[in-house]
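Generate the whole structure from the sequences, applying the supplied hints.
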Amino acid sequence: MIPLLLAAVSSLSVELPSDGSGFFALPDSVWPAPGPASVIWDGDTTSASLGFNGSRIGLRLDPPPPAGDTVTAVLDTLGLDLPHRRGLDLETMDRLSAAPAGGRPPPQPPGGQGLYISGAKRLGVSVGQGGGVTQATRISVDGMIARDIEVSGTVTDENLPIGAGSSELVSELDRVLFTVTGPRWRARLGDLEWSREPTVPGPLSWRREASGLDGRVSGEAWSASGGWGTSGQSLRRAVFFTEEGLQGPYDFSGGVDVVPGSETVLLDGARLQRGITADYTVDYAAGLITFGSRRMVREDQRVEVTYYGRGDGFRSSLARAGAELDLGGLRMELSGLRDADARSDPLGFILSDEAVGRLQSVGEDPDSAWIDGAEEVGEGEGDYSLDSLGHYVYQGPDGGSWDVFFSRPPEGPGDYVYDSSLGGFLWVGEGEGTHLPRRYLQLPASLQLGGLSLSLPDAGDGPRVELEAAVSERTGNLFNPDATTGRGSSVKGRGSLAAGGGLRAGLRGMLVSEGFAPAGVLESDSSLAAWALPPGYGGRDSWGEAWAGGERALLAAAIRQLAQGGETSRLRSRLVPLTGEARVELAGSSLRRTDTDSLAPGSRTGVSADARLDMGPLTPSVGAGVSSESWADSLSGDRISGNVGLLLERGGQRGGLSLEMERDLRVGGLPRPDRRYRAAADGSNRLGPWRLQSHLEHSLSLYPGQGSSRANTISLNLTGSPSGAFVQALYDGSNVVSRSLEVRYRYVGEGQGDYSYDPDTGEYYPDPDGDYERYYQPGGEGEVVTEADLDLSVSRSLPGWGVDGSLRLESSGEEGGLSPLLLAGAFSDDRDGGYSLTLSPWWRMEGPVSRVSLYGKALRSTESYSGTGRRLETELRGRAQPRLEPGEAWYADLTAEAWRTRQELYQPRRVLGLRGAVDPVLTFPGWIEPGLELSVERRAEEISVLTAWSLGAAPHFSLSGGGYTGSGRLEAWVIPGEGELPPWFFDGSNRGTGLSASLRVGRRLSGGLDIFLTYWARRPAGAELSQRAGLEGTVSF
Amino acid sequence: MRGGASAVLRALPAALLLAVLPADALRFTTVDIPDHGQLLDAGVDGGGTVVLLYRGFPRVVRLEEGSSVELDLAETEMPGGLCVLEGGQILVSDRSAGLVRRYGPRGALLSVMDAPGSPGDLAMVGLEVWYFSREECLVRSAGAGGRVVFRPPGDCVMSLSGGSLAGTAASGFAWRLRPGDPPELLAGRCLDAAMLEGVPVVLLDSVTAIRLPSDTLALPAPVSRASGSSGGWLLLWSPSSGTALLAR
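Just so you know, the sequences run in chain order B and U.
Just so you know, we're using the numbering used here here: the first sequence kicks off at 1 and counts up by one.
Just so you know, we're using the numbering used here here: the second sequence kicks off at 1038 and counts up by one.
Hints in this document: simulated from the structure, not taken from any laboratory.
Every residue gets a Cβ at the ideal spot worked out from N, C-alpha and C, and that includes glycine.
Mixed in with the good hints, there may be bad ones.
As the list claims (entries may be wrong) - One-sided and incomplete, this derived list gives chain B residues near chain U with beta-carbon spacing under 10 Å:
1. 137
2. 628
3. 968
Here you go:
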């Protein structure tokens, strides 16, 4: 089409009147050819450019001719017989309440059939200190390549170095997915999630994430699908009990790195939502979960977490296949999955001969699969030395002769702890620590599963049948398959028949043979709880239940054969005598476990009654329950509970109150409270511009005798927009397990980090061009404490001025105490906590001073560091930055800053700093902005009476125009005086003259190809010059 | 003939195709905006999933198929703007911290970039992230060694939108910004502008949008903001309205 258009180019001369704006609208029928045009005005010929004003195409002329003048425009035109302005046919589709599910517009690109590909790819290489190869990709494909065949796909990844060690990080950031969809088929390539997760889990339930491809074809009454891929992640599951009022953190991964966002969390069978203002938060690196203050965690609630973990495992190969057939109402599905670790493809470690030998000699016990984590590498090559007692001693980077890898044992304590001040591990005594100098190995395993499911759809009063059958073969250790391979089968089914009067009767159950291994969750934890089985119970039990009932009545009897011997029988009943505005529900259950050696025999019986009355805006409720249990190895006795509640809902306001009482007469096991009282209030309210979401809950546990414990959870979230300002206050208070903080440093490349290591003092110190970056990791568990924090932020923005401010208060104190909830500890040295206040107003004005911005900060923080005790840090900082703009061609930023910091860990340091700078910048809009920053700075340490000052000059520029883009900065500074400065004092700089430079300039060579030149250099005073230069190419399309 | 075929392709390829090919009916879906307070920004990914940014918690709501997913992005103290990538990843600027954070579709924090000067709206153009510095009243590129991209006249409020080759900026006026080239004025009067598969869409007033250079759309409901995605999705919305319009 384009050549045809070009062939039709012709020249046009047209007279146009001026309205004084400089824009000359062309007639709607004229299609100007892209390129320059000329205008004859007042006898002179000048150039004009094509442009737009609203929907009109025209010519722009600068300076604009006076209104009323007429100019003659000469330009090339395309011979198109189409109007420029075209109204599209508009049609409003369905209205959707939350998401545009199912009602999205059809997949028709605006241009009709065609493929739209856009994106950019960068590839760079640099030489010198920290050089290497970098790349980044962003591609989007979308459109229809033929009638009814749609293509869509995306590739995105970060600018990450290519090379060993980066693959896992890249897989996290990369998202690759291409889909081709036809009328009856679909093919996908990229990062895929495969799952077969029915509402109730069974032998054929599974979920996997894979990088690979899959496809699906379908006919009128059938479909078939299959796929293949690989994965560096493994699906894991953890189930545990909670403690009364203890919100966390609970360790659910055993130290395994958790793939961010991959978790599914159930609390007593109810799905929770992640978020600091929602139900829970997760520390993915440490595998810790903490429940939010929106809900108080109670004793013996069961938490089920499924997640993808990654670490020292093996890359696995995945394949799946399936087919579905609709046989006139009977739906049949065949499904198969193969998940096998690749023995030769370990992730994150080298499979040495020692490791292979160890794996060949062990079975499936992860505790016994480890190799020695220490290796003697020669003096000055390792970080540790070995003392005469056989303990490893941290000596700093390359300060010793041993490289030692420490890890947490799967179960039990260790002998070493991480010391944040050292940056390494410290021996603290046998069984007194958290880590061992060992490298635990993951066992490579494989699983093959295949099966069949049959179902009759719900047809009102007709029969309902569902059947699921599977066979499996699992090898628990591929290095020792003879001893760890098992085969088995399982069948799960349920069916029911209408019995008249709205009642049905049915059977359901599951048969599991020894050796059967599911690929996912075989039985949910809520089902295990209903059978009085412990969290994580791994028995492959067979069970069956007969039931009869309907919406208002149910009676069920069940029996379960335990895989390790013995059986459990269960009887359940439910009756709803009243429904509607007044609802009454009665329930009862009885359970007995006998003839078992693996679990204690015993029984549990309970009845409960709940009533609720809907009175319009008011809904009162009341409930009571009695249970009795007797277990041979733990608790025996009765438990009585009661509750009353009141819910108010009116005009968008919602509030609720509830009171609960529990009398626990059970004996056995550890001392436990015999009475427990809980009170809760929550609400969701609006008042004018304000919104408040609140939850307050208190729990009081009284022990036999005089002991008691208290727990509170308070969550308040207030937001509002009064008078144009935005205000938000977030308060949280609850009981948590205190944990010291491990401050860790990792090498990230020459000049790529924010910290450097000082071998003389054994400390890491802040350095803007350092080689290390700092990160934090939760340390060992401490005592249970009450923690509270308040975050307050305020923002106001008006045409001439604005202000942003924030205040954070944190406090920690005795479990159940009121003082931490009142944030009193925010100002105390005795407990972890502190405050941080920042305020940054700005003004913009006419005149030589065009802008003034101020910044103020006050900080005080007390925090427990692993191995070192409590660290106190305070900071006071003020900064003023006016901008002088006396003319249009230049401006100058002025900076005046003063600060005072205090740190106390092993030794106190108090630093007073002053800095002034002026940075005049010339402006050539749309081209280049060069500037020169001149600065002077003085720092004084009060305790060691250390003083130094520096002078700095930094020419810099920013470039955008003429096909060039870029920025650069050359900085030189001098710190005069005698004697050496400690590295922590002046960001790693010593007395003398230092230099640093950075440059990045790009040139557009053609339509979508840009070439960038990069340079980085640094020479601290008295040190050698480090530099790096590189070349990058970016293709955009 | 001046410029040759490459000049034509560079200048107006998608626009020409759009004008010459028959324009199909543009069908809008009305999307209800969940009421979590003030809506600060909105975007749409390559799959048509609408993403909303609020000032308070939850910060971000994804309107996924059949449900809405709330993400509170706890690290972000004072959000300034949102950019939704075609794969579902989201970029959110933090005015207080002077940072741009990149999150996965499920809210996991992936990376952080420097963006000093109270960053407001932001866009990804090619592989660069551009943001509007509210303190300096100009558009900068984020990250170490960020450069000045555009110094607009007039009001110190600006919305940005990006594509692989160019972006748009709107602040009463609308400009097309190409790296290395001077800004190109698209309209001397507008409410907002957005890039849609490489073609700028200018929202002239609350009831009329123009997809340059020639297609004019009379909108079925008044809106004040426009967001586009490379998948061809156009989201029209208003901070104060409880509904938005989604079209492809």
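Consistency of the hints with the structure:
no., hint, verdict
1, 137, "holds (8 Å)"
2, 628, "violated (42 Å)"
3, 968, "holds (8 Å)"
The structure is inconsistent with hint 2 alone, although it conforms to all the rest.
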